[in-house]
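A.B. asks: Listed below, chain by chain, are the residues.
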Amino acid sequence: MRVPFSLLPLRLADVVFAVGPRRIIDGVSLQLDGGQRTVIVGPNGAGKSVLLRLCHGLLMPTSGTIEWNAPELTGGPRRQAMVFQRPVLLRRSALANVIYALKLANVPPAQREERALEALRKVGLEEFAGHSARVLSGGEQQRLALARVWALQPEVLFLDEPTASLDPGATHEVERVIGAMHAAGTKIVLVTHNLGQASRLGDEILFLHQGRLVERAPADRFLKRPASPEAAKFLEGELPW
Amino acid sequence: MVIVRRTFVSMLAALVAFAAQAEDRFITVASTTSTEQSGLFGFLLPAFQEKTGIQVRVVALGTGQALDVARRGDADVVFVHAKTAEEKFLAEGHGVKRYPVMYNDFVLIGPRSDPARIAGGKDILAALKKIQAAQAPFVSRGDRSGTHMAELNLWKAAGIEIDKGKGPWYRDTGQGMGPALNTAASMNAYVLADRATWLAFKNRGDLGILVEGDKRLFNQYGVILVNPDKHPSVKKQLGQAFIDWLVSSEGQKTIADYKIGGEQLFYPNAGQPDA
Amino acid sequence: MNDTLAEAAAQAVALVVAGDPNLVGIVALSLQISLTSVALSCLLGLPVGAAIAVNDFPGKRLAVVVLNALMGLPSVVVGLFVYLMLSRAGPLGALGVLFTPTAMVIAQTILIAPLMAALSRQVVADAWLEYQDQLRSLGETKLGAAATLLWDLRFTLVTLVMAGFGRAASEVGAVMIVGGNIDGVTRVMTTTIALETSKGDLPLALGLGFILLFIVLALNAGAYLVRETAQRRFG
Chain A
567 MRVPFSLLPL
577 RLADVVFAVG
587 PRRIIDGVSL
597 QLDGGQRTVI
607 VGPNGAGKSV
617 LLRLCHGLLM
627 PTSGTIEWNA
637 PELTGGPRRQ
647 AMVFQRPVLL
657 RRSALANVIY
667 ALKLANVPPA
677 QREERALEAL
687 RKVGLEEFAG
697 HSARVLSGGE
707 QQRLALARVW
717 ALQPEVLFLD
727 EPTASLDPGA
737 THEVERVIGA
747 MHAAGTKIVL
757 VTHNLGQASR
767 LGDEILFLHQ
777 GRLVERAPAD
787 RFLKRPASPE
797 AAKFLEGELP
807 W
Chain B
117 MVIVRRTFVS
127 MLAALVAFAA
137 QAEDRFITVA
147 STTSTEQSGL
157 FGFLLPAFQE
167 KTGIQVRVVA
177 LGTGQALDVA
187 RRGDADVVFV
197 HAKTAEEKFL
207 AEGHGVKRYP
217 VMYNDFVLIG
227 PRSDPARIAG
237 GKDILAALKK
247 IQAAQAPFVS
257 RGDRSGTHMA
267 ELNLWKAAGI
277 EIDKGKGPWY
287 RDTGQGMGPA
297 LNTAASMNAY
307 VLADRATWLA
317 FKNRGDLGIL
327 VEGDKRLFNQ
337 YGVILVNPDK
347 HPSVKKQLGQ
357 AFIDWLVSSE
367 GQKTIADYKI
377 GGEQLFYPNA
387 GQPDA
Chain C
51 MNDTLAEAAA
61 QAVALVVAGD
71 PNLVGIVALS
81 LQISLTSVAL
91 SCLLGLPVGA
101 AIAVNDFPGK
111 RLAVVVLNAL
121 MGLPSVVVGL
131 FVYLMLSRAG
141 PLGALGVLFT
151 PTAMVIAQTI
161 LIAPLMAALS
171 RQVVADAWLE
181 YQDQLRSLGE
191 TKLGAAATLL
201 WDLRFTLVTL
211 VMAGFGRAAS
221 EVGAVMIVGG
231 NIDGVTRVMT
241 TTIALETSKG
251 DLPLALGLGF
261 ILLFIVLALN
271 AGAYLVRETA
281 QRRFG
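Protein chains in written order, with this note's numbering: chain A, 567 to 807; chain B, 117 to 391; chain C, 51 to 285.
Honestly, the hints are just simulated from the structure, not real lab data.
Do not take every clue at face value.
[Unchecked claim] These stretches of chain C come out as covered by chain B in the derived footprint (C-beta under 8 Å, 3 or more residues): (1) 135-143; (2) 222-228; (3) 248-254.
[Claimed, not checked] Counterexamples of contact, computed for chain C against chain A with all Cβ distances above 10 Å: (4) G75; (5) G109; (6) Q184; (7) L185; (8) L188; (9) G189; (10) T198; (11) R217; (12) L263; (13) A268.
[As the list claims (entries may be wrong)] Keeping only pairs whose Cα atoms sit at most 35 Å apart, straight-line, the calculated DSBU-like set for lysine-lysine is: (14) C/K110 with A/K669; (15) B/K318 with B/K167; (16) B/K369 with B/K352; (17) B/K213 with B/K199; (18) C/K192 with A/K669; (19) B/K352 with B/K199; (20) B/K272 with B/K167; (21) C/K110 with A/K688; (22) B/K280 with B/K375.
We treat Cβ as the ideally placed atom computed from N, Cα and C, and that holds for glycine.
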């Protein structure tokens with residue numbers, strides 16, 4: 567669903583996030599446009615999760631600005647959503663979890679069940695609609711989390727290491743859903759440790775190091791010929807796949 | 117979910133039922149623990165309720181506390197056994213008129229071993245002097261009850277200033293008659309008790325009646341309507357109906373009919389205005 | 051001691067088998083008062099606890115400390131306070147509820163509501179750490195989050211509620227003072243046990259104690275079973 571004024575591009579200007587004396591994000595400026603799938607990589611402690619949360623609005627920057635192109639409509643569905651490494655699901659059925667998100671988005675009651683079922687179908691979980699969400703497997707739970715946000719039809723989807731806790735089979739399933747959402751028009755912003763995943767899912771890569779955006783390049787070029795020394799060291803250290 | 121709703125509804129109904137009780141015909145009588153624990157009320161009140169349809173709710177406390185409850189206007193009638201305290205109550209304007217109702221007597225209870233050698237005596241004052249001389253363990257109620265006040269008066273009459281004269285042998289427990297008897301039984305101590313509570317008491321241990329029959333052990337009960345002028349919430353008609361019944365020949369006979377093990381506990385004497 | 055215990059057990063069984071109407075009345079009243087108090091305490095305490103857990107406000111730490119301290123309110127103190135409030139000579143005397151079961155419910159609710167609030171605050175706060183990011187991401191308000199968490203934690207809360215019920219059913223100090231232990235009106239299990247003890251009828255008191263224990267045990271077992279089955283269904 568396209569609204570008249572797109573949320574994107576998202577502009578960050580000199581964003582700093584400090585906890586006491588420690589600067590976890592140390593002056594990041596960037597612009598995120600629609601279309602491309604953006605993947606963020608970097609060593610532990612680089613600030614990737616924090617950057618994602620700042621963009622999504624879960625954290626407020628200590629200084630600097632974060633601006634969307636158009637403000638979110640109050641009372642309307644959330645146009646940007648986030649999926650976390652461990653999905654947080656309520657003690658209800660899978661269907662009820664999706665309906666809950668639709669309720670929060672002020673979707674009219676009559677439409678909720680239909681849209682929820684549709685979302686479950688898209689991720690291949692429609693047979694689990696009545697099952698308790700908590701008894702699903704790790705991969706199924708993460709797909710349910712994706713169904714939950716897909717039902718909202720967001721313009722932007724942030725994902726924080728969504729497959730880090732999953733086995734290869736479940737990872738593959740989740741990557742398939744992410745790809746489908748992108749094909750349906752959602753901007754993907756993904757943080758991952760898995761360079762294979764970065765290469766499979768990424769169009770462009772942002773390399774974060776010690777709270778700074780050190781390099782930004784198309785995925786192929788970054789992975790084969792990184793321009794910065796920190797990136798080269800990082801790629802050397804990480805066992806790709 | 118249905119269970120939750122049904123429970124909720126029954127809760128509400130219960131609360132409403134509680135509130136509705138306020139509309140019934142009943143009076144609140146502040147009385148003493150000894151009267152309650154003797155079982156007299158269980159015998160007396162159903163007879164009154166059958167005759168008049170008035171429910172009597174007895175709050176059983178020590179005499180001092182019962183009079184205090186009435187001073188706050190939380191009772192309609194007081195029924196206690198401490199004439200001096202009752203007359204002070206009237207003098208303060210909290211009561212309308214005092215009617216003597218009945219009497220029983222106090223007995224001096226003590227252990228079979230009787231360290232103070234008072235068993236079988238007829239003179240309570242002599243017995244108390246011997247207990248103090250022997251420093252034998254003695255349990256006092258210490259709770260401003262009618263029994264407690266009677267005990268203090270007896271020490272005074274025996275010429276003993278118990279405040280100064282007491283030592284570790286004098287155990288001031290601050291409890292009702294039953295608990296005090298429990299304590300005396302477990303300590304093998306002497307204790308002054310009203311006969312009615314003693315007869316109904318089951319945990320006697322090694323205790324028995326050692327001194328009785330002295331006129332000074334006489335225990336008079338009086339009933340007073342709380343003054344509706346001072347406390348407008350008092351149910352004066354219903355309260356007066358209770359008092360009238362207590363002093364009537366029917367009420368007096370019912371009191372005399374109350375027995376434990378064939379023994380009469382209380383002696384009606386409403387006909388003695390000086391009592 | 052063994053004789054007393056044996057006699058007490060025998061008395062307990064005899065009373066129950068005979069279906070003594072007096073006993074039935076006392077048990078029914080005890081349950082009515084305890085269950086009503088617990089229900090009211092949950093209605094008051096659970097939302098307060100959850101709200102404190104998910105919100106940040108100046109003085110929050112002090113509020114938490116005070117709330118936790120209120121769990122230890124001595125029951126006689128509450129009883130005395132409520133008595134002074136409800137006495138004819140007191141501010142709420144006109145209500146005329148002193149020496150009635152309503153007064154007992156009021157006193158017990160004052161005792162248990164802080165317990166429900168303090169415990170639910172802890173439980174919700176722990177869960178909030180886990181749920182916070184996701185719920186905020188979906189656009190949930192603080193108030194909505196508190197409600198959602200209370201419902202999601204319903205199985206844990208069952209244990210909390212049983213703790214509150216245990217406190218109510220075992221309480222004697224407050225209900226004795228504000229109820230007056232009036233025969234047939236405000237006499238409950240605990241005050242009856244106290245009365246029979248003071249009358250020296252220890253086997254009967256102990257027997258009643260066994261019956262009370264058994265009732266509380268049965269209710270706890272029931273709650274546990276309900277919790278288990280529901281949890282298996284809903285994870």
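A.B. asks: Now, for every hint given, state plainly whether the structure supports it.
C.D. replies: Results for each hint:
For the stretch 135-143 of chain C, the stated coverage by chain B holds: 5 residues have a C-beta nearer than 8 Å to a C-beta of that chain, and at least 3 were required. Evaluation of the coverage hint for the stretch 222-228 of chain C: breached, as 0 residues show C-beta separations to chain B shorter than 8 Å, against a requirement of three. For the stretch 248-254 of chain C, the stated coverage by chain B is satisfied: 5 residues place a CB nearer than 8 Å to a CB of that chain, which reaches the threshold of 3. The claim that C/G75 is not at the interface with chain A holds, since no C-beta of that chain comes within 10 Å of its own (minimum 40 Å).
Listed as outside the interface, C/G109 is consistent with that label: its C-beta sits roughly 22 Å from the nearest C-beta of chain A, beyond the 10 Å cut-off. Interface exclusion of C/Q184 from chain A breaks down, the closest Cβ pair being 4 Å apart, not more than 10 Å. Distance check on C/L185: its Cβ comes as close as 8 Å (rounded) to a Cβ of chain A, failing to clear the 10 Å threshold; non-interface status is violated. At roughly 5 Å from the closest C-beta of chain A, the C-beta of C/L188 falls inside 10 Å, breaking its exclusion from the interface.
The beta carbon of C/G189 is not kept farther than 10 Å from every beta carbon of chain A, the shortest such distance being approximately 5 Å. Some Cβ of chain A comes within 10 Å of the Cβ of C/T198; the nearest lies about 7 Å off, and the non-interface call is violated. Distance check for C/R217 against chain A: the nearest CB is about 27 Å away, which clears 10 Å, and the non-interface claim stands. Separation of C/L263 from chain A is adequate, the least Cβ-Cβ distance of about 33 Å exceeding the 10 Å criterion.
Under the 10 Å C-beta cut-off, the non-interface status given to C/A268 relative to chain A holds; the minimum distance is some 27 Å. Using a Cα cut-off of 35 Å, the hinted pair C/K110 and A/K669 holds, with the two alpha carbons roughly 30 Å apart. Of the pairs offered as hints, the one joining B/K318 and B/K167 holds, with about 32 Å between alpha carbons and a cut-off of 35 Å not exceeded. With a C-alpha separation of about 24 Å, the suggested pairing of B/K369 with B/K352 holds against the 35 Å cut-off.
For the given pair, B/K213 sits about 12 Å from B/K199 by alpha-carbon distance, which is consistent with the 35 Å threshold. Distance check on the hinted pair: C/K192 and A/K669 sit about 15 Å apart at the alpha-carbon level, within 35 Å; holds. Annotation: proposed proximity of B/K352 to B/K199 holds, straight-line Cα distance about 22 Å (limit 35 Å). Pair hint B/K272 plus B/K167 does not hold up; C-alpha atoms about 44 Å apart against a cutoff of 35 Å.
Using a Cα cut-off of 35 Å, the hinted pair C/K110 and A/K688 is violated, with the two alpha carbons roughly 44 Å apart. For the proposed pair B/K280 and B/K375, the alpha carbon gap of about 40 Å is over 35 Å, so the pair is violated.
The structure shown violates the earlier hints numbered 2, 6, 7, 8, 9, 10, 20, 21, 22.
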